[in-house]
Amino acid sequence: MAKRERLSGNEAVAIALKQINPDVFPAFPITPSTEIPQYFASFVANGLVDTEFIPVESEHSSMSAAIGASAAGARALTATSSAGLAYMWEPLYLAASNRLPLVLAVVNRALSGPININCDHSDSMGARDSGFIQLYAENNQEAYDNMVQAFRISEHKDVQLPVMICQDGFITSHAVENITLLEDKEVKDFVGEYEPENYLLNPACPTAVGPYSVTDYYMEAKRAQAEAMKNAKDVILEVAKEFGDLSGRNYGFFESYHLEDAEYAVVMIGSAAGTTKDTIDQLRKQGVKAGLLKLRVFRPFPAEEIAEALKNVKAVAIMDRADSFSNQGGPLGAEVMSAMYRKHLQAEAINIVYGLGGRDVTVEDMGEVFAELARIAKTGEAGDTYRFMGVRG
Amino acid sequence: MSNCTEIRWHGRGGQGAKTAALLLADVMFQTGKYVQGFPEYGPERMGAPITAYNRISDDKVRVHSNIYEPEYVVVVDESLLETVDVTKGLKKDGAIVINTEKDKETLKKHLNGYEGDVYTIDAKKVSMKCLGKYFPNSPMLASIVKVTGLMDEQQFLNEMRASYAHKFASKPEVIEGNMKALEMAMKEVR
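Order-wise, the sequence lines are chains A and B.
So for the first sequence, this note's numbering puts the first residue at 1; every next one is plus one.
So for the second sequence, this note's numbering puts the first residue at 1001; every next one is plus one.
The hints are simulated quantities; they were obtained by calculation from the structure and are not laboratory data.
A few of these clues could be false.
Where chain A lies over chain B, by a calculated footprint (3+ residues, C-beta under 8 Å) [as the list claims (entries may be wrong)]:
id : region
1  : 1028-1042
2  : 1056-1064
Negatives, chain A to chain B, calculated, CB over 10 Å [stated by the list, open to error]:
id : residue
3  : K3
4  : G68
5  : S97
6  : N202
7  : D216
8  : D234
9  : K241
10 : K277
11 : H344
12 : A374
Using 30 Å as the maximum straight-line C-alpha spacing, the simulated DSSO-like pairs for lysine-lysine come out as follows [to be verified]:
id : chain 1 : residue 1 : chain 2 : residue 2
13 : B       : K1060     : B       : K1088
14 : B       : K1167     : A       : K188
15 : A       : K18       : B       : K1171
16 : B       : K1124     : B       : K1060
17 : A       : K188      : B       : K1125
18 : B       : K1171     : B       : K1125
19 : A       : K241      : B       : K1060
20 : B       : K1088     : A       : K285
21 : B       : K1088     : A       : K277
22 : A       : K289      : A       : K314
23 : B       : K1124     : B       : K1091
Just so it is clear, CB atoms sit at the ideal spot from N, CA and C, and this is done for glycine as well.
Chain A extracted, bound-state conformation (with noise of 0.2 Å):
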């Protein structure tokens, strides 16, 4: 029986957590991820679940914490933001590389400077090639269901790789919205018991992790590494469709909004989706080919399907909330035009750098993106294809 609520995003993961009772939760509070920690905090100490909670004095310690717990053999996460997630760079390629399954919430926040406590995607897009998957949420709901699918695909055997789930700072975290919640049983049944295969703890078969790696062996580790994260595409879906066997909430690596027959598409990640949603509501009702392409899954970048869902496009707009500085674009924008180009796709494409540190996004905002891409697609010239939006002149 599915449990009609309202809740943060923040409070939305913190219950997905208490449903699944992990064994170990370290944690560094940051704004705006504070919340999820805090929550779960309350929940151990009111003993409605039997997690080791440990309070740590940073980031770089959380992550090594969680790492540490996930390499003894137990089922581990933590949760940042912004600085925080910079501050555990090193350990997150320590997780990857070690192939240990863990989750990391991250509530997606700008980094400095200036400083800004705000969403855009700066933190998670700058840890995008540590080897975590990646998975975003337009909201609430998203970011729950998430949350509850995550350990399935880390410590899936042909995986075994961390898994990012991210959501937008204030945006959804601090939200409270409408949302469906899984019955406590149902997701405890969903995630199963975890049973690694090896593990610290495990007197029968000792182990090593982490050891010294010379250049014989390191690159086999990295191949091997890459090969886990091409499987996840297979595990990602295969997970997906047992959770929406379960909820009757369905998920692949995107979602497509009216994009079947687009003349005009958005590609983007985020809550920023669902505003561009109501302006395509609004632009069909004009009878404008109006279209969106909405990511949910990063890491693995799933090119050829982006590709396959964009080959009838007159003209796309990659519109990113991170910049990469490489006077280009953002790194949505890169790996879409990457995979349309290997598609010998014909659209025209830009690239939007937009909302950066929290700027607002409108349905208006949006409306006059799918204007540009019209006058584009008339005139065939795509003018500067690195623009951004929202900046005053």
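We have chain A already, so just place chain B on it with the hints.
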């Protein structure tokens, strides 16, 4: 979203405007609506102007932008009238509710010629009388519910009692005072 009511709250950090917006989302959820309640933070400090928002709709709310053309505005701190354009984008057929002891005519010169309805409530008086301390958010929440007619008054009070019981589980002694503040504000807002 023609059936979506949009409300903008202006307050100062520490006054509970955000909490009031979240409580409004909470009680409206109980009536079967789709709700959104969210804050917009500037600098994180006590006393800084903050804005909070509500969307209340019959349909699922997907939009995640701030609100620029609200039906209703709630001003939790009167001093903001001097520095913030609180009626910006406010619809003419909507209304503004202001926490003040002043009369409407005195206030109107601060409202940039706003032509819609103006309601006032002396939330300080209500709060001091019912709680013995100045917490304007409960009286302001009751006022906006009364002005919008979004839900039945008795149902609102019932839901709020349940909400407070949850929120103030560790200090139940403040529940009765807050309930009185809600009831008094509903009578006093005009």
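Do the hints match the structure? See the list:
Taking a C-beta to C-beta cut-off of 8 Å, the region 1028-1042 of chain B contributes 9 residues in contact with chain A, enough for the three needed, and the coverage statement holds. Counting residues of the region 1056-1064 of chain B whose beta carbon lies closer than 8 Å to any beta carbon of chain A gives 5, which meets the minimum of three for the stated coverage. With a cut of 10 Å on Cβ distances, A:K3 stays outside the contact zone with chain B, its closest approach being about 13 Å. The non-interface label for A:G68 is consistent with chain B: the shortest C-beta to C-beta separation is roughly 33 Å, beyond 10 Å.
Taking the minimum C-beta to C-beta distance to chain B, about 36 Å, the non-interface status of A:S97 holds against the 10 Å cut. At the 10 Å boundary, the C-beta of A:N202 stays outside the reach of chain B, the nearest C-beta of that chain being 43 Å off. Every CB of chain B lies more than 10 Å from the CB of A:D216, the least distance being 51 Å, so the non-interface label holds. With 10 Å as the threshold on Cβ separation, the claim that A:D234 sits away from chain B holds: the shortest Cβ distance comes to roughly 30 Å.
Every C-beta of chain B lies more than 10 Å from that of A:K241, the closest at about 24 Å, which supports listing it as non-interface. Non-interface call for A:K277 relative to chain B: violated, since the shortest CB-CB distance, roughly 5 Å, does not exceed 10 Å. The non-interface label for A:H344 is consistent with chain B: the shortest C-beta to C-beta separation is roughly 34 Å, beyond 10 Å. The claim that A:A374 lies off the interface holds: its Cβ sits roughly 22 Å from the closest Cβ of chain B, which is beyond the 10 Å cut-off.
Distance check on the hinted pair: B:K1060 and B:K1088 sit about 26 Å apart at the alpha-carbon level, within 30 Å; holds. Taking the CA atoms of B:K1167 and A:K188, the gap is about 28 Å. The hint holds against a cut of 30 Å. Simply put, A:K18 and B:K1171 have alpha-carbon atoms about 25 Å apart, close enough for the 30 Å limit, and the pair holds. A C-alpha spacing of about 36 Å is found between B:K1124 and B:K1060, which places the hinted pair above 30 Å, so the restraint is violated.
Restraint check: the Cα-Cα separation between A:K188 and B:K1125 comes to about 51 Å, which exceeds 30 Å; the hinted pair is violated. The suggested pairing of B:K1171 with B:K1125 holds, with an alpha-carbon distance near 23 Å, which does not exceed 30 Å. Restraint check for A:K241 and B:K1060: the C-alpha separation of about 24 Å stays at or below 30 Å, so the hint holds. For the hint pairing B:K1088 with A:K285, the CA-to-CA distance comes to about 29 Å; that is within 30 Å, so the pair holds.
Proximity of B:K1088 to A:K277 is assessed by CA-CA distance (about 26 Å); at most 30 Å being required, the pair is judged to hold. In summary, the hint linking A:K289 to A:K314 is supported, as the alpha carbons are separated by about 10 Å, within the 30 Å threshold. Restraint check: the Cα-Cα separation between B:K1124 and B:K1091 comes to about 27 Å, which is no more than 30 Å; the hinted pair holds.
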